[in-house]
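With chain A held as given, fit chains B and C onto it using these hints.
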Amino acid sequence: MRIPMGWRKWLLMILAGVSVWALLEIVLPRQRMRASGPPAYVTTGVFTPAHPTAAAAVKDFLDIHPEHPVQPIAYTHTVHLAKGLPCTFCHVGVDQGPEARIPGVTVCMSCHQSIATDRPEIKKIAAYKARGEEIPWVRVYNYSQSAHVRFNHAPHIRAGVDCAMCHSDMTKQTTAERKVDLNMGFCINCHTQKKVSIDCETCHY
Amino acid sequence: MERRDFIKISALSGVMATLEGCRSAEKQLIRFVPEEELVPGIATWKPSVCTLCSAGCGLLVRVMQGEAEVVRRGQQGLIKMGLAKKLEGNPQHPINRGKLCARGQAGLQVLYHPDRITHPIKRTGARGSGEFQEISWDDALKELAAHLTTLQTSNSANALAFLARPLHGQRHELVERFLKAYGAPPAVWYQPFDEAVLRQANLLSFGHAALPTFDLGRADYVISFGADFLGTWNSAVAQSIGYGEMRQGRPGRRAKFVQVESRMSQTGANTDEWIPCRPGTEGALALGIAHVILSEKLAPQGAGSRAGSLIAGWSAGLPDFTPEAVEKQTGVSAAVIKRLAHELTQSGSAVAMVGGAPLAHTNGLFNALAVNALESLVDAGRDQGQILGFTPVLQPAIPAQASLASLTAFAQSALSGQPHAPQVLLLYEANPIFSAPPGLRIREALAKVPTIVSFGNFIDETSAQADLILPDHAPLESWLDSMPESGSLQAVASLAPPAVLPLHDTRSMPDVLLGLAHQLGGEVAKALPWATYDAMLRAAYVPLRTRGGSVDAKTDDDFWDAAQTQGGWWSTPSTAHSPEVAVAKHAPVSPAAPEFAGAAGDFPFYFLPYVSQSFGDGSLAHLPWLQELPDVLTSAMWSSWVEINPKTGDRLGIKQGDLVEIASPQGSVRAAAVLSPGIAPDMVAMPVGQGHENFSRFASGRGANPLSILAPLAEHETGSLAWAATRVKLVRAGGPEQAKLVLFAGGMSAFPHQEERR
Amino acid sequence: MAHKWGMVVDLDRCTGCEACVVACHAENNIPTVGEDQAARGRAKHWIRVERYWEGDFPNPKIRFQPVLCQQCDEAPCEPVCPTYASNHTPEGLNSQVYNRCIGTRFCANACPYSVRFFNFYNPQWDMPLQLQLNPDVSVRSVGIMEKCTFCVQRIKAAEIQAEAEKRELKDGEFNTACAQSCASKALVFGDLNDPNSEVARLSSSNRGTKLLGELGTKPNVTYLERGTWEDASHG
Numbered sequence: 001m002r003i004p005m006g007w008r009k010w011l012l013m014i015l016a017g018v019s020v021w022a023l024l025e026i027v028l029p030r031q032r033m034r035a036s037g038p039p040a041y042v043t044t045g046v047f048t049p050a051h052p053t054a055a056a057a058v059k060d061f062l063d064i065h066p067e068h069p070v071q072p073i074a075y076t077h078t079v080h081l082a083k084g085l086p087c088t089f090c091h092v093g094v095d096q097g098p099e100a101r102i103p104g105v106t107v108c109m110s111c112h113q114s115i116a117t118d119r120p121e122i123k124k125i126a127a128y129k130a131r132g133e134e135i136p137w138v139r140v141y142n143y144s145q146s147a148h149v150r151f152n153h154a155p156h157i158r159a160g161v162d163c164a165m166c167h168s169d170m171t172k173q174t175t176a177e178r179k180v181d182l183n184m185g186f187c188i189n190c191h192t193q194k195k196v197s198i199d200c201e202t203c204h205y
Numbered sequence: 001m002e003r004r005d006f007i008k009i010s011a012l013s014g015v016m017a018t019l020e021g022c023r024s025a026e027k028q029l030i031r032f033v034p035e036e037e038l039v040p041g042i043a044t045w046k047p048s049v050c051t052l053c054s055a056g057c058g059l060l061v062r063v064m065q066g067e068a069e070v071v072r073r074g075q076q077g078l079i080k081m082g083l084a085k086k087l088e089g090n091p092q093h094p095i096n097r098g099k100l101c102a103r104g105q106a107g108l109q110v111l112y113h114p115d116r117i118t119h120p121i122k123r124t125g126a127r128g129s130g131e132f133q134e135i136s137w138d139d140a141l142k143e144l145a146a147h148l149t150t151l152q153t154s155n156s157a158n159a160l161a162f163l164a165r166p167l168h169g170q171r172h173e174l175v176e177r178f179l180k181a182y183g184a185p186p187a188v189w190y191q192p193f194d195e196a197v198l199r200q201a202n203l204l205s206f207g208h209a210a211l212p213t214f215d216l217g218r219a220d221y222v223i224s225f226g227a228d229f230l231g232t233w234n235s236a237v238a239q240s241i242g243y244g245e246m247r248q249g250r251p252g253r254r255a256k257f258v259q260v261e262s263r264m265s266q267t268g269a270n271t272d273e274w275i276p277c278r279p280g281t282e283g284a285l286a287l288g289i290a291h292v293i294l295s296e297k298l299a300p301q302g303a304g305s306r307a308g309s310l311i312a313g314w315s316a317g318l319p320d321f322t323p324e325a326v327e328k329q330t331g332v333s334a335a336v337i338k339r340l341a342h343e344l345t346q347s348g349s350a351v352a353m354v355g356g357a358p359l360a361h362t363n364g365l366f367n368a369l370a371v372n373a374l375e376s377l378v379d380a381g382r383d384q385g386q387i388l389g390f391t392p393v394l395q396p397a398i399p400a401q402a403s404l405a406s407l408t409a410f411a412q413s414a415l416s417g418q419p420h421a422p423q424v425l426l427l428y429e430a431n432p433i434f435s436a437p438p439g440l441r442i443r444e445a446l447a448k449v450p451t452i453v454s455f456g457n458f459i460d461e462t463s464a465q466a467d468l469i470l471p472d473h474a475p476l477e478s479w480l481d482s483m484p485e486s487g488s489l490q491a492v493a494s495l496a497p498p499a500v501l502p503l504h505d506t507r508s509m510p511d512v513l514l515g516l517a518h519q520l521g522g523e524v525a526k527a528l529p530w531a532t533y534d535a536m537l538r539a540a541y542v543p544l545r546t547r548g549g550s551v552d553a554k555t556d557d558d559f560w561d562a563a564q565t566q567g568g569w570w571s572t573p574s575t576a577h578s579p580e581v582a583v584a585k586h587a588p589v590s591p592a593a594p595e596f597a598g599a600a601g602d603f604p605f606y607f608l609p610y611v612s613q614s615f616g617d618g619s620l621a622h623l624p625w626l627q628e629l630p631d632v633l634t635s636a637m638w639s640s641w642v643e644i645n646p647k648t649g650d651r652l653g654i655k656q657g658d659l660v661e662i663a664s665p666q667g668s669v670r671a672a673a674v675l676s677p678g679i680a681p682d683m684v685a686m687p688v689g690q691g692h693e694n695f696s697r698f699a700s701g702r703g704a705n706p707l708s709i710l711a712p713l714a715e716h717e718t719g720s721l722a723w724a725a726t727r728v729k730l731v732r733a734g735g736p737e738q739a740k741l742v743l744f745a746g747g748m749s750a751f752p753h754q755e756e757r758r
Numbered sequence: 001m002a003h004k005w006g007m008v009v010d011l012d013r014c015t016g017c018e019a020c021v022v023a024c025h026a027e028n029n030i031p032t033v034g035e036d037q038a039a040r041g042r043a044k045h046w047i048r049v050e051r052y053w054e055g056d057f058p059n060p061k062i063r064f065q066p067v068l069c070q071q072c073d074e075a076p077c078e079p080v081c082p083t084y085a086s087n088h089t090p091e092g093l094n095s096q097v098y099n100r101c102i103g104t105r106f107c108a109n110a111c112p113y114s115v116r117f118f119n120f121y122n123p124q125w126d127m128p129l130q131l132q133l134n135p136d137v138s139v140r141s142v143g144i145m146e147k148c149t150f151c152v153q154r155i156k157a158a159e160i161q162a163e164a165e166k167r168e169l170k171d172g173e174f175n176t177a178c179a180q181s182c183a184s185k186a187l188v189f190g191d192l193n194d195p196n197s198e199v200a201r202l203s204s205s206n207r208g209t210k211l212l213g214e215l216g217t218k219p220n221v222t223y224l225e226r227g228t229w230e231d232a233s234h235g
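Protein chains in written order, with the working numbering: chain A, 1 to 205; chain B, 1 to 758; chain C, 1 to 235.
FYI, nobody ran anything at the bench for these hints, they're computed from the structure.
There's no promise every hint is true.
[Unchecked claim] Footprint (simulated), chain A over chain C, 3 or more residues, beta carbon under 8 Å: (1) 45–57; (2) 60–67; (3) 98–104; (4) 111–125; (5) 146–154; (6) 159–167.
The structure presented is a predicted model; accordingly, all values stated were derived computationally and were not measured.
Quick reminder that beta carbons are idealized off the backbone N, C-alpha and C, glycines included.
Just chain A, with the same shape it has in the complex (with noise of 0.2 Å):
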């Protein structure tokens, strides 16, 4: 079907931006305010499973994400493994429970307090410690939030899953990059080569 060109079309532009940005506006959550605002002995904000932004939806909806993205200290995992530290040496908990963990400041340092204290990212580290705060690492690996997905490290690893098998050889690395494609036909793929339950239900709760 053809529509005459000309204003028309741009007459259709606009209203197709202004639609856009109407949508938006509606459903996008905003923060909750009284006519009076609430008093500053009280907490405020709202929490809701909504995206904080549309770009967030839109990057989440198509699954971008950056492959290797940067972090506040340029931690290297291939220094660390070359020294023979096992991966639950920071990592704990991963045949526990459900997370991996990023450690705490307080682990660097009880290794750092003495190691390497020369180094100017140690030195970084060594601050943040001072000052009482963790360092701000960038999060890596994560499911989209709409798949409601719940991933549980500990029966992997207790199933003698290699973490490079998901994390691709971490003795390569620096900080931590996606190198494997983790979309649902990974995981359904390994499922029915080791004959676990690919049932909906399994992983979506």
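Same frame as chain A, but now just chains B and C:
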């Protein structure tokens, strides 16, 4: 459309979308180093104690690592800390044995409530204006200490008052010792629904000034006079466990349950037989049944003589309480009275209990003594499986002084200045502006007190009058202890350390008082030589080690660790009776008819404000889970309502959901009408709990407060508030759009969504 | 043998205390919808206690009945879902896969027990109430249907733990939130395929009925009838 143009339009839309994303980025909050080590994703279970009612059930708190926004050293940031995720009953605890009631489950929302006071505040505007400013703990404590020192130096130590809801365990002890050593009068322990009448009756009838404990799992017949024992009365969880047992826990043996009350309660809904009885005449009914038992010799000779001797005419066989005479008084037919007498005595193990409205009349003590006499007539001795018992007492009994009497005395002293006007009032989680009868003039009395300091962690009607607020931790952030007076025949001392670290800049009230005591020096410091509350708890509870019981420890340190881990200490179950208290001889009580406020002509309806299944006495209305919990009898949520009989509705032109006004000689309130078959045509009932003018965003300005129209009538002997003794008149005041009743269950009409708010 | 999860509701034990309702909210991240949405019938009570009045004063009778998802073997909500979000698991649960749900609400329409609840708006928690949210359970967003899952997160956690310890699951080892809180033990949860389990024993009671069983949904929840005075023993 050409492809090119489609792409242009899509691109423009995409740009708009991305521009939306270019709002100011969320402020980056710093992350503090955690104050505790937790493995994320893995739960630890910590013992605790539920403090929402006097039952004192033992809890297990599920604690998991999470990230919370906090203020540390004046800076806002995020911290990974243990967060309480779920409450469960502690399976080891003798009172609730792993179970927990609806209110106990909802208690979790107190900890993370958005309207908790997060730091000390000082009043800047007029009292009650809600204008406060933040001050530091140092300044707040200095100011409080200054007030107390001033009183001491000006020889007015007796001008210090402490008003709190009844506290359990060592908190009670701490406050009393502080006040005594300081030279102040004893604390005013106030709660609207106290049990002074029942404690006094039990002292006289059975030698125990305590709430009763029932072994319902042994019962074959239970008759309850007004006691909502499966919902809100006494130790509801323990009683519900026993109820399940007595119904289906013993193959081939199912107990019969009869409830005598004037309005069908949640408990009454579970009966095999429900017996409506005129308000205040429950004692007469009990004596009518006793008369039949005595005259037909259905019980062993001499049974019940001790409790019976407290009733005038007992030894003569209660000649004034023939079934026919009792039928006239109570409205219960003589045939039913005779049948109940036979059933009770032929049913194996039987128990009669009394609680709630029958005691909240001017003749409440008489009603209690009458039912106690019936109970002792039908409940056989311990060897044959006595159902009624009393928890062994671990600490000196809390004196059974009625709350109302001591609150009235306090209010009078503030209003009149006699014997001495209170100058400084310390307030802790009591809300008499909301719950005391208006006749006491509490608001006026508080306005006359120059300095009010509150330790509570919420603003409510009463704490809104404070000049200085030093917020306490939430219960799950505190050292908790309690010695429940009922619910188990084992002596129980619940004890638990904080389950989570404090979220806000709050401080434990006991610690604040102990610090103050140390600062004041002299007698006060001597009376309270501990630096922290847990040190005081240790000193109080470690002597239990020598009693054996649930903790087997060789040293005091071991005992202290083990008791904390278990959630407390309890004695081994024993069949021995707990010792009775010597009681001065009490003259036999003559039967008294209940008196009511409001002439029957002008105020034709009996008025029953009942303790709410959701909000208790109103102190839990700020919890959103409980506001949205559908009332089990009406399915109402977020609402107040007035229960009226459908015939009354017909007569007065009131339909379901209409706005009605009920007025007593003291005042009036308006709420939605709910037509209920469970209430007599000459009675109206209203749940307590809503009608807060100021109690968090969830409860403020919602519904109506039935306590605000109660007459300050008191039970004759104990002075306890007779909250069931007010009469009202009822009139339609508007339609459903004005009443705004919210129901979870749809209406029974064919098209429930048409024109109807459900 | 594979597990088959089921429940028994003993109507003679239920007291109408509603501890189950609040326990479920706490465990499953169920949002509070507020007065306005509740007035529109959108309050989410995955388990609710119904009341049935009979008769008039002075002989009114009322019966309580807790109703939750019956996890039907022939669930009417499953064939109507166009995206297979409502489906049946090998362990007998009717599972709701949140990410598949596109919000047609056919399932809620088909369910005769009215146990399905839709998120018409994004749920909200006034901070810091969200700190209480259970990390083992999804927080559902707008446009998603939700319902009782028999606390599938607890089932999964127990199964993973048993597997780690290389043993079978024991009856009573874990419980759904509602049954765990029920003081009178009216709610009993367990494995119907375990002949020694409490739930299997009670399901075969002669007091047992199924709710709307005549519709052919084959529910896995058995209701035990309330007793009468005639059943009472005279000791």
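Now the hints, each set against the structure:
no.	hint	in the structure
1	45–57	violated (count 0)
2	60–67	violated (count 0)
3	98–104	holds (count 3)
4	111–125	holds (count 4)
5	146–154	holds (count 3)
6	159–167	holds (count 3)
The structure fails hints 1 and 2 (numbered hints given earlier, in ascending order).
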